[in-house]
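**Q** From first to last, the protein sequence lines stand for chains G and H. With my numbering applied, the first sequence corresponds to residues 1 to 398, in that order. With my numbering applied, the second sequence corresponds to residues 399 to 462, in that order.
Subject to a maximum C-alpha distance of 20 Å in a straight line, what follows is the list of computed DMTMM-like cross-link-like pairs (lysine to aspartate or glutamate): (1) G/Lys332 / H/Glu442; (2) G/Lys332 / H/Asp451; (3) G/Lys176 / G/Asp384; (4) G/Lys332 / H/Asp440.
Since the hints were made in silico from the structure, they are not lab data. From a predicted model like this one, the values you see are computed outputs, not experimental measurements.
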Amino acid sequence: MSLPAMPMPAEDERPFDPPPEYAELRAGATMIRVSCPTGLDAWLISDYAGVREVLGDGRRFSTRPGLAAHVLSSYGPESPIDNFTRMDGPEHVRIRRNFAPQVTHARRLAELRPMVERITDEAITRMLASPQPYPLHSQFSTAITTSVIAELIGVPSSQRHLLHEAAMALFDTSTKADQLREALTPLYTYLYEAVATRRAQPGDDVLSRMIEHSADSDRPLTDTELTEMNAALLIAGFDTTASMITYGLLALLNIPGEWEKLVADPSTAASATEELVRYLAVGTGLLRQATEDTEVNGQPIRAGDYVVVAVQSGNRDMALHADADDFDITRKPGAHLGFGHGAHACVGQQIARMELTTVLRALATRVPTLRVAVPLNEVEWKKDSVVRGPAELPVAWT
Amino acid sequence: MKVAVDRDHCIGAGNCAMTAPSVFDQDADEAIVILLTDSPPDSEQDAVQQAVDRCPAAVIRLLP
Numbered sequence: 001m002s003l004p005a006m007p008m009p010a011e012d013e014r015p016f017d018p019p020p021e022y023a024e025l026r027a028g029a030t031m032i033r034v035s036c037p038t039g040l041d042a043w044l045i046s047d048y049a050g051v052r053e054v055l056g057d058g059r060r061f062s063t064r065p066g067l068a069a070h071v072l073s074s075y076g077p078e079s080p081i082d083n084f085t086r087m088d089g090p091e092h093v094r095i096r097r098n099f100a101p102q103v104t105h106a107r108r109l110a111e112l113r114p115m116v117e118r119i120t121d122e123a124i125t126r127m128l129a130s131p132q133p134y135p136l137h138s139q140f141s142t143a144i145t146t147s148v149i150a151e152l153i154g155v156p157s158s159q160r161h162l163l164h165e166a167a168m169a170l171f172d173t174s175t176k177a178d179q180l181r182e183a184l185t186p187l188y189t190y191l192y193e194a195v196a197t198r199r200a201q202p203g204d205d206v207l208s209r210m211i212e213h214s215a216d217s218d219r220p221l222t223d224t225e226l227t228e229m230n231a232a233l234l235i236a237g238f239d240t241t242a243s244m245i246t247y248g249l250l251a252l253l254n255i256p257g258e259w260e261k262l263v264a265d266p267s268t269a270a271s272a273t274e275e276l277v278r279y280l281a282v283g284t285g286l287l288r289q290a291t292e293d294t295e296v297n298g299q300p301i302r303a304g305d306y307v308v309v310a311v312q313s314g315n316r317d318m319a320l321h322a323d324a325d326d327f328d329i330t331r332k333p334g335a336h337l338g339f340g341h342g343a344h345a346c347v348g349q350q351i352a353r354m355e356l357t358t359v360l361r362a363l364a365t366r367v368p369t370l371r372v373a374v375p376l377n378e379v380e381w382k383k384d385s386v387v388r389g390p391a392e393l394p395v396a397w398t
Numbered sequence: 399m400k401v402a403v404d405r406d407h408c409i410g411a412g413n414c415a416m417t418a419p420s421v422f423d424q425d426a427d428e429a430i431v432i433l434l435t436d437s438p439p440d441s442e443q444d445a446v447q448q449a450v451d452r453c454p455a456a457v458i459r460l461l462p
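Please model the entire structure based on the sequences and the hints provided.
**A** Here's what the structure looks like:
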């Protein structure tokens, strides 16, 4: 007997909500077996406590198969481990501790804020000087997040197309493994050479700082590891955040009253950011694999079983907020699963928060009349991507 | 209110230092949590509870 298909988001029907099947599963903390798009069979967990338990326990639930191997066909769970997102325990901690200080340290972020503000201001000035309707996703959101991450790592403008091409292949659910390798090669080649250059002539960029930081450790990072880590930062760093800016603005401009609240008080940009990440989250869940016979929500799970945690559903759990299905940018920021949870929680989450907050505050201040130039049912959504959101968003202002 | 942290399992995500900067800092080298005080004033209760809830590695504990 074949299993039911894993529920997938359908933004053209429900632009801001997870698939409706989740509501009942979540309410009863019920776990079912589903067949995932890549053919894996998995337990589906959709309640907040269950998702948090699985992501928070890397000992019982390994990330070895790859966090998106249930939706990305390029990602075979049996393929060799090629990056830190598929490492467990001390191996992962070693990489993360060389990585994290450059992008999560509160003082370091304070140093980076002026750069993000300058890039955002320049993008708004360009936008205001352009004809309307203006393609927000490609010309504004993606331009800002690409510049920020490229400046962080020290990638010159002439090479920034490399990360766009790599991300397009990586996040496309139809890319095959050999196509992915081919698509990533130019970026990896560029970064591998950049590692050698920065070893010889260090700068103030993240890559140089990682080299310097790891040089004093027991097992300094190899050139290959540095290449992979920086490729991951570059690829994940612009597309997810750009999609969140575009998708977030669509939600803010469509859900009645919310944009007006932000314009009336742009200092709500920080809580608006947190609420957007909670409310929209990631559409396709995260994959783990049980390392031992165990149970979640009283449901036995056998060693080797795959588990998909539905992050977007968990964030709508009434156990988290009685009104979790309401979108309110003044909601007091609290725990949610929008950046994941556990040892593999998004390493770029502080930078993403800073970019989103900066962009929302600046737009609400400088372009208070911003509006979406097409009706909601004419918005074109990304189809084959694991990073959900509008493929483009025409906007206008007066 | 008493607070404890487990530095061995900290992943340096930085949420605590953003949420309750008068109670938590991060070391310069690895961004690992530093507890500035293990007995924060009651006025910080809310912020510390948020830091506990938002810590992805669950390394902050409120002690009775």
